[in-house]
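The primary structure of each chain is shown beneath.
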Amino acid sequence: NAGVTQTPKFQVLKTGQSMTLQCAQDMNHNSMYWYRQDPGMGLRLIYYSASEGTTDKGEVPNGYNVSRLNKREFSLRLESAAPSQTSVYFCASTPDPLGPQHFGDGTRLSIL
Amino acid sequence: GENVEQHPSTLSVQEGDSAVIKCTYSDSASNYFPWYKQELGKGPQLIIDIRSNVGEKKDQRIAVTLNKTAKHFSLHITETQPEDSAVYFCAASIVNNNDMRFGAGTRLTVKP
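Those sequence lines, one after another, are chains L and D. Positions in the first sequence are counted from 1; adding 260 to them yields this note's numbering. Positions in the second sequence are counted from 1; adding 5 to them yields this note's numbering.
Derived from the structure by calculation, the hints contain no laboratory data. Everything numeric in this text was worked out from a predicted model, so none of it was measured. Hints should not be assumed to be uniformly reliable.
[What the hints assert, rightly or not] To be clear about the criterion: a stretch of chain D counts as covered by chain L if any three or more of its residues have a C-beta under 8 Å from a C-beta of chain L, and this derived list gives those stretches:
1) 49 to 62
2) 70 to 78
[Said to hold, decoys possible] Using C-beta positions, here's what the derived DEER-type ranges look like:
3) Q19(D) <-> K331(L): 27 to 33 Å
4) V272(L) <-> Q19(D): 27 to 33 Å
5) K63(D) <-> S278(L): 43 to 49 Å
6) L45(D) <-> K317(L): 18 to 24 Å
7) P299(L) <-> D32(D): 21 to 27 Å
8) V59(D) <-> T314(L): 29 to 35 Å
9) Q277(L) <-> K76(D): 39 to 45 Å
10) A262(L) <-> E44(D): 31 to 37 Å
11) N8(D) <-> K317(L): 15 to 21 Å
12) V272(L) <-> N8(D): 30 to 36 Å
13) G263(L) <-> L45(D): 17 to 23 Å
14) Q19(D) <-> P321(L): 29 to 35 Å
15) A34(D) <-> K317(L): 18 to 24 Å
16) P117(D) <-> G300(L): 26 to 32 Å
Built from N, CA and C at the ideal position, the CB exists for glycine as well.
Generate the whole structure from the sequences, applying the supplied hints.
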């Protein structure tokens with residue numbers, strides 16, 4: 261049982277490059293989330309998808325886009341990467357919006 | 006929106022002692038309060054959660070207390086062990102709201 265799988269685990273980009281972070285869950289969960297984690301700031305929600313076919317902005321959506329490809333997969337895209345987007349990105353899923361969230365192990369992204 | 010503050014940012018205890026981490030929240034409508042443990046290089050993992058209709062919840066050496074009037078909740082770990090060393094995050098969210106807000110985290114070190 262893999263849970264939440266994120267790819268890639270590490271990535272280095274140059275300013276202006278584009279990148280898609282992939283997330284897949286095998287728990288048949290309805291809701292999926294993308295967070296970023298910066299030192300001393302905890303996790304901040306970028307976008308979420310309450311169910312297949314829907315996406316909504318979270319606390320810090322600027323500079324990102326998402327796609328809920330199907331029930332299993334939820335991708336995060338950086339169209340033109342900026343150094344301020346250097347962070348660790350976590351994907352999470354939950355069976356319902358008020359249930360415990362299950363996290364992947366993160367993607368460590370550095371933008372030079 | 007919701008604002009969650011967490012204290013202390015670092016905590017060092019001797020093996021066998023108790024550890025207490027405290028969080029406050031700003032939105033009185035929040036009614037779900039999970040606690041996550043994050044080990045190095047891993048994603049956060051839920052260790053215990055509490056809903057606003059309950060004042061205390063225990064799971065072996067871990068307990069969480071909630072004071073709705075004062076808008077604060079705490080994590081208590083008794084008989085700490087070296088494997089409890091990790092970063093702990095509190096969070097708060099509102100029912101049917103996908104915008105969970107996290108505290109900045111507490112780095113707990115348990116000295117053998």
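Verification of the supplied hints:
1. 49 to 62: holds (count 4)
2. 70 to 78: With 0 residues in contact (Cβ-Cβ under 8 Å with chain L), the coverage given for the region 70 to 78 of chain D is violated.
3. Q19(D) <-> K331(L): 27 to 33 Å: Since the Cβ atoms of Q19(D) and K331(L) sit about 47 Å apart, the hinted range of 27 to 33 Å is violated.
4. V272(L) <-> Q19(D): 27 to 33 Å: 41 Å, violated
5. K63(D) <-> S278(L): 43 to 49 Å: 48 Å, holds
6. L45(D) <-> K317(L): 18 to 24 Å: Because 31 Å falls outside the window, the suggested range is violated.
7. P299(L) <-> D32(D): 21 to 27 Å: Since the Cβ atoms of P299(L) and D32(D) sit about 25 Å apart, the hinted range of 21 to 27 Å holds.
8. V59(D) <-> T314(L): 29 to 35 Å: 31 Å, holds
9. Q277(L) <-> K76(D): 39 to 45 Å: 43 Å, holds
10. A262(L) <-> E44(D): 31 to 37 Å: Roughly 18 Å apart at Cβ, these two residues miss the hinted range, so it is violated.
11. N8(D) <-> K317(L): 15 to 21 Å: 18 Å, holds
12. V272(L) <-> N8(D): 30 to 36 Å: Check passed, 33 Å falls within 30 to 36 Å.
13. G263(L) <-> L45(D): 17 to 23 Å: 18 Å, holds
14. Q19(D) <-> P321(L): 29 to 35 Å: Violated, at about 44 Å.
15. A34(D) <-> K317(L): 18 to 24 Å: 20 Å, holds
16. P117(D) <-> G300(L): 26 to 32 Å: With Cβ atoms ~27 Å apart, the hint holds.
Checked against the numbered hints given earlier, this structure breaks hints 2, 3, 4, 6, 10 and 14; the rest are met.
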